[in-house]
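Chemist: Please put together the full structure from these sequences, using the hints given.
Protein chains in written order, with the numbering used here: chain A, 5 to 361; chain B, -1 to 285.
Please keep in mind that the hints were generated in silico from the structure rather than gathered at the bench.
Using N, Cα and C, we set each Cβ at its ideal position, and we do this for glycine too.
Among these hints, one or two may not hold up.
[As the list claims (entries may be wrong)] The calculated label-pair distances, taken between Cβ atoms and stated as ranges, are:
1) B:186 <-> A:18: 26 to 32 Å
2) B:58 <-> A:142: 52 to 58 Å
3) B:282 <-> A:165: 40 to 46 Å
4) B:225 <-> A:188: 58 to 64 Å
[Claimed, not checked] Computed, partial: chain A to chain B, Cβ under 7 Å:
5) 99
6) 103
7) 113
8) 117
9) 236
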Amino acid sequence: MGATSHGVPAIRLEGITKQFGGASDAAAVAGIDLEVRDGEFFSLLGPSGSGKTTTLRMIAGFERPTSGRIFLHGEDVTDLPPFDRDVNTVFQDYALFPHMSVAENVAYGLEVRHVPSSERAVRVKDALRMVRLEGYDSRRPAQLSGGQRQRVALARALVNRPRVLLLDEPLGALDLKLREEMQIELKAIQSEVGITFIYVTHDQQEALTMSDRLAVFNRGRIEQIGAPAEVYEHPLTAFVAGFVGSSNLIAAEAAQALLGKAGRFAIRPEKIRLGEPTDKVGADEHSALGKIKTVVYLGAETRFIIALDMGGDLMVTQQNLKESSMEALSAQGRAVRLTWKRGHVLTLADDPQVAPA
Amino acid sequence: MIRRITGWFNRHPRATLGALLAGPLGWISVVYLGSLLILLMHAFWSKDSFTGKVEPFNWTLDAFVQIFSNPVYFTIAARTIGIALLVTISAAAIALPVAYYMARIASPRKRALLLVAVTMPLWASYLVKIYAWRTILQTNGLLGWAISPFGLEGPGLTEIANSWLVLTYLWLPYMILPVYAGLERIPNSLLEASADLGGRGWITFRRVIFPQLIPALAAGSIFTFSLSIGDYIVPDLVSDAKFIGNVIYDNSALGSFPVAAAFSFVPIVVMIGYLLFARRLGAFESL
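Modeler: Listed below in structure tokens is the structure:
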């Protein structure tokens, strides 16, 4: 895994654990191995409390791992304080200095590292241009909107030209529209400056759209590492299948009855076709009969919960290509046949495990 | 009946406000400002040079002339203001590390203990604390006993520095508490951001923490400065120097109320100036 022809990985975590409080408490991070390639946009994805932010904070140097080593470009930085690490952080609450202007905030890192003032001015100007905040130099953070503060925080980190930029749910406080704009902008900035981004998020959509690769965290462990399409199309565990996109989980007797084999499986709701009970079933397809129990109209698509005749529910989503909302909603109670390709049945690992990249 | 009254007040919010404020406003304007006004008017009244009796409403500037023509009054005013400033500076210098430890380093348990320790002296009588300091400072007192092995003796009860020391001790809690509250208000992420951008501890303190503490320090200094400038018991009991308050006290004891009243203009004017300065630093947002 890991180090490819690009050479030394930007970040390498070896057996990282972090225990807050006493040894009896559950570990926040319970043993993580991870390599992030140079120049990669890498997301740490997981629900709150899964250890992704703690992992980021250990890379930044705000927390010390209980055990394990952290390498930045091959150098062991486990014992270095934050101010001696060549990484910068964009904080979730932005953490802008309220008593300084926008320009002073951005210049802070250069100033404390004694960059000459002429060079400082040029770099601050460039950084503010990159985040499209020219002319805001003398504003105070309190006079800016949430999106503008976010940009200042980004400029303040990027101006130092770190080799790795750490972003802790930077778009979490923004509204949906602005968040989508900033996603595109962040991605553009990353390809412009070409530095490694480590991006913490609980939003699977965000992680899928932005990342080159991502790691799915659950209970202090990584359940899967891979490219977005790979993780979505081939989730290795039940948790990943449920957290990245939505899935119908099928196990035990249901698996035997529906699929004719034992194990743990998942089917994406959009891969299931909804048809008349009399529809033919192809040789490469599975099928089941049921009744429409619930209809949820979502605009672009409709979600159906189907009560199977053999017991249990399956979720199906369909794009609203032809049906109007009225037609979709009136389908409740109708008998249907569900069919799906055998190839779309995802086989899951029996228990969560640390997956190879 | 009660419903009708409450209903009426509900429909007349101004009357409600008036009823609520009438008591305190009456107290402040009549009892507090009224007596202050009478005190200040004394400064412009003349005194019969023969009987020594004050003649009300017989206006004159004699008392001010007497103060301005005698340099002793200037020396005493300068000494009082100087000591009050020193007390403020030393209280701030002690309060900063203590409050920092309480707000940022100590465990919740230790923090609670320290808060009690800081506020506990406020429960004890002011006079008891001063007398305790007398037993420490007198020539053969506790301090003298402790340093006697080194061939030194206690400072005695004449040094002006004693006043500085004891006043700093007395008013320290009033500086620690606002600074502690100010430190608590600074989010931890700002300190992390500073470290993340390359700022070591000292730079983070100087560039990020201290500028944000100025309102809290100004708020604390209002207490330390004004309480010091008005004190006259400490300088009397632990040193032999006179403060503005001692001169006012002595003059009123001798019956020369106009001079006492005229001299009381000095701390009032100084405090008004100081409060305006503190307001500019944002002290009133942090009280």
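Chemist: Give a verdict on every hint.
Modeler: Going down the list of hints, with the structure as the test:
A C-beta distance of roughly 28 Å is found between residue 186 of chain B and residue 18 of chain A, which places it inside the suggested range of 26 to 32 Å. Checked against the hint of 52 to 58 Å, the C-beta distance between residue 58 of chain B and residue 142 of chain A comes to roughly 55 Å, which is consistent with it. At roughly 43 Å, the beta carbons of residue 282 of chain B and residue 165 of chain A sit within the given window of 40 to 46 Å. Between residue 225 of chain B and residue 188 of chain A the beta carbon distance is about 59 Å. The supplied range of 58 to 64 Å therefore holds.
Taking 7 Å as the C-beta cut-off, the interface hint given for residue 99 of chain A holds, the closest approach to chain B being about 4 Å. Using the Cβ-Cβ criterion of 7 Å, the hint placing residue 103 of chain A at the interface with chain B is satisfied: the shortest such distance is roughly 5 Å. The beta carbon of residue 113 of chain A is positioned within 7 Å of a beta carbon in chain B (closest approach about 4 Å), and the interface hint is therefore held. A hinted interface residue such as residue 117 of chain A counts as satisfied when its beta carbon comes closer than 7 Å to some beta carbon of chain B; here the least separation is about 5 Å, so the hint holds.
Given the 7 Å rule on beta carbons, the hint for residue 236 of chain A is violated: about 33 Å separates it from the nearest Cβ of chain B.
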